[in-house]
Amino acid sequence: MGRSLAVMAPQPTETVDTATPPPTTVEETGAIARIREYLEREQPATPCLVIDLQTIRERHAELTAAFPGAKLYYAVKANPAREVVRLLVELGAHFDVASPPEIDLCLAEGARPERISYGNTIKKRADIGYAFERGVRLFTTDSEADLAAIAEMAPGAAVFCRIMLADTGSLTPFGHKFGCAPELATRLLARAPVLGLTAAGVSFHVGSQQLDPRAWDAAIEQAGEITAKLAADGVELSILNIGGGLPGRYSRPAPPLADFAAAINASVAEHFPAPPQLVLEPGRFLVSDAGLLRSEVVLVSRKSTVDEMRWVYLDVGRYNGLAETENEYITYLLSTPGQEESIRDGATGPVYLAGPTCDGDDVLYQRNVYRMPLDLRAGDHVDFLNTGAYTASYSSIAFNGFAPLPTFCR
Numbered sequence: 003m004g005r006s007l008a009v010m011a012p013q014p015t016e017t018v019d020t021a022t023p024p025p026t027t028v029e030e031t032g033a034i035a036r037i038r039e040y041l042e043r044e045q046p047a048t049p050c051l052v053i054d055l056q057t058i059r060e061r062h063a064e065l066t067a068a069f070p071g072a073k074l075y076y077a078v079k080a081n082p083a084r085e086v087v088r089l090l091v092e093l094g095a096h097f098d099v100a101s102p103p104e105i106d107l108c109l110a111e112g113a114r115p116e117r118i119s120y121g122n123t124i125k126k127r128a129d130i131g132y133a134f135e136r137g138v139r140l141f142t143t144d145s146e147a148d149l150a151a152i153a154e155m156a157p158g159a160a161v162f163c164r165i166m167l168a169d170t171g172s173l174t175p176f177g178h179k180f181g182c183a184p185e186l187a188t189r190l191l192a193r194a195p196v197l198g199l200t201a202a203g204v205s206f207h208v209g210s211q212q213l214d215p216r217a218w219d220a221a222i223e224q225a226g227e228i229t230a231k232l233a234a235d236g237v238e239l240s241i242l243n244i245g246g247g248l249p250g251r252y253s254r255p256a257p258p259l260a261d262f263a264a265a266i267n268a269s270v271a272e273h274f275p276a277p278p279q280l281v282l283e284p285g286r287f288l289v290s291d292a293g294l295l296r297s298e299v300v301l302v303s304r305k306s307t308v309d310e311m312r313w314v315y316l317d318v319g320r321y322n323g324l325a326e327t328e329n330e331y332i333t334y335l336l337s338t339p340g341q342e343e344s345i346r347d348g349a350t351g352p353v354y355l356a357g358p359t360c361d362g363d364d365v366l367y368q369r370n371v372y373r374m375p376l377d378l379r380a381g382d383h384v385d386f387l388n389t390g391a392y393t394a395s396y397s398s399i400a401f402n403g404f405a406p407l408p409t410f411c412r
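For the sequence shown, our numbering assigns the number 3 to the initial residue and increments by one for each residue that follows.
Everything labelled a hint here was simulated from the structure, so no lab data went into it. None of the values given here were measured: they were computed from a predicted structure. Here a beta-carbon is modelled for each residue, glycine too, at the ideal position from N, C-alpha and C. Hints are not guaranteed to be accurate.
Computed list of lysine-lysine pairs in DSSO-like fashion (alpha-carbon distance at most 30 Å, straight line) [claimed, not checked]:
no. : residue 1 : residue 2
1   : Lys79     : Lys126
2   : Lys73     : Lys231
3   : Lys179    : Lys231
4   : Lys179    : Lys73
5   : Lys179    : Lys126
6   : Lys126    : Lys73
7   : Lys79     : Lys179
Pair by pair, the computed Cβ-Cβ distance ranges are [claimed, not checked]:
no. : residue 1 : residue 2 : range
8   : Ala276    : Arg254    : 34 to 40 Å
9   : Glu223    : Ala325    : 44 to 50 Å
10  : His178    : Ala47     : 37 to 43 Å
11  : Ala400    : Glu146    : 48 to 54 Å
12  : Ala380    : Phe410    : 20 to 26 Å
13  : Asp377    : Arg59     : 34 to 40 Å
Start from the sequences and build out the full structure, keeping to the hints where you can.
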């Protein structure tokens, strides 16, 4: 066991005047300890993201054990670091990609094209053709126009049809951008063989950072109904793609993986008399816990002489790594290395956290207020824990001249 590490979790704004809450603690073991050791040794410039590859190995093993026989298609968008992709190739993973560059990345790191699924339902005809030329034979669709384009540019390929879901209560829902109504999905999958394509199965996504293990049930039931209807018409679907959504570990506790696996496996058994080939598209679950984002305090200030709230400005913000703080749906656990005693002793005060750019929207947390050490100064480090997913991959190219978030894998 490692030592207990005092970390900072947010409070809603309306509670900041109440007594200082006891500190949140995590064990400084595994990824945190290994990454802290790396940072101490290498002293990289900030901001930077460090990924612990061993943690990804562990998460992959957990998923494989929880869903025996399932195929795991890593959602490359979560973290496209070459070392991450290369490791998952070695572990036998498949890959869910959204663009030709992601296809090229996976192939360059050793993935076989038959293990790649072009999961984006919004794609140019030329991109479909490029994927087909590179050997990709599995695509996701949700519209008549896209299905026709796949038939033309990727003859003989297999297709999933993505169904649109009602609000499932995830922290970051997809809305109505992706998927189609079950009735249309049934028609598209029936049409696929007529166009020379293989109807592979139904796919869906219950939203990112899903905390309810029961959220998959309604979609699995719909997929089972579509599968049964098509089977009665002579179209056999062999695959059920339940997408991603398995959560990472942030300030709001998530149920254990075993709870999700039990609920999902039971639902599949209930709604599919003949067991389908199960496909998952994990992203956040595989890589979030593997990352630590180190930042530096640029400025600590107050807006007036009587203002008790401090503003803490960091060298990382929404545009160079912390895009998921938008709307404050994702609230990370924070740590200030070397100042754990201040946190334990309650020598902290409420702050607003903001990034370095000249955009007024580059505010990380204002509704959710963190209590940070009273002696926090410019030059101190602030670590964002469990930031391996959707950080570096969301960085802008150079807004205000700030470079994208560099990633180091160890």
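Hint check results:
Between Lys79 and Lys126, the direct Cα distance comes to roughly 18 Å. Compliance with the 30 Å bound is thereby established for this hinted pair. Between Lys73 and Lys231, the direct Cα distance comes to roughly 25 Å. Compliance with the 30 Å bound is thereby established for this hinted pair. A threshold of 30 Å between alpha carbons decides the hint, and for Lys179 with Lys231 the separation of about 26 Å falls inside it, so the pair holds. The suggested pairing of Lys179 with Lys73 holds, with an alpha-carbon distance near 26 Å, which does not exceed 30 Å.
Taking the CA atoms of Lys179 and Lys126, the gap is about 16 Å. The hint holds against a cut of 30 Å. Distance hint between Lys126 and Lys73 is fulfilled; the C-alpha atoms sit about 27 Å from each other, no more than 30 Å. The suggested pairing of Lys79 with Lys179 holds, with an alpha-carbon distance near 17 Å, which does not exceed 30 Å. Our hint of 34 to 40 Å for Ala276 and Arg254 holds, since their Cβ atoms are close to 38 Å apart.
Between Glu223 and Ala325 the beta carbons are some 33 Å apart, a value that contradicts the proposed interval 44 to 50 Å. The hinted range of 37 to 43 Å is satisfied by His178 and Ala47, whose Cβ atoms lie roughly 42 Å apart. Distance hint for Ala400 and Glu146: a CB-CB separation of about 39 Å, inconsistent with the stated range 48 to 54 Å. Range check, Ala380 to Phe410: Cβ separation about 24 Å, and the 20 to 26 Å hint holds.
The given range of 34 to 40 Å is respected by Asp377 and Arg59, whose C-beta atoms sit roughly 39 Å from each other.
Of the numbered hints stated above, those contradicted by the structure are hints 9, 11, listed in ascending order.
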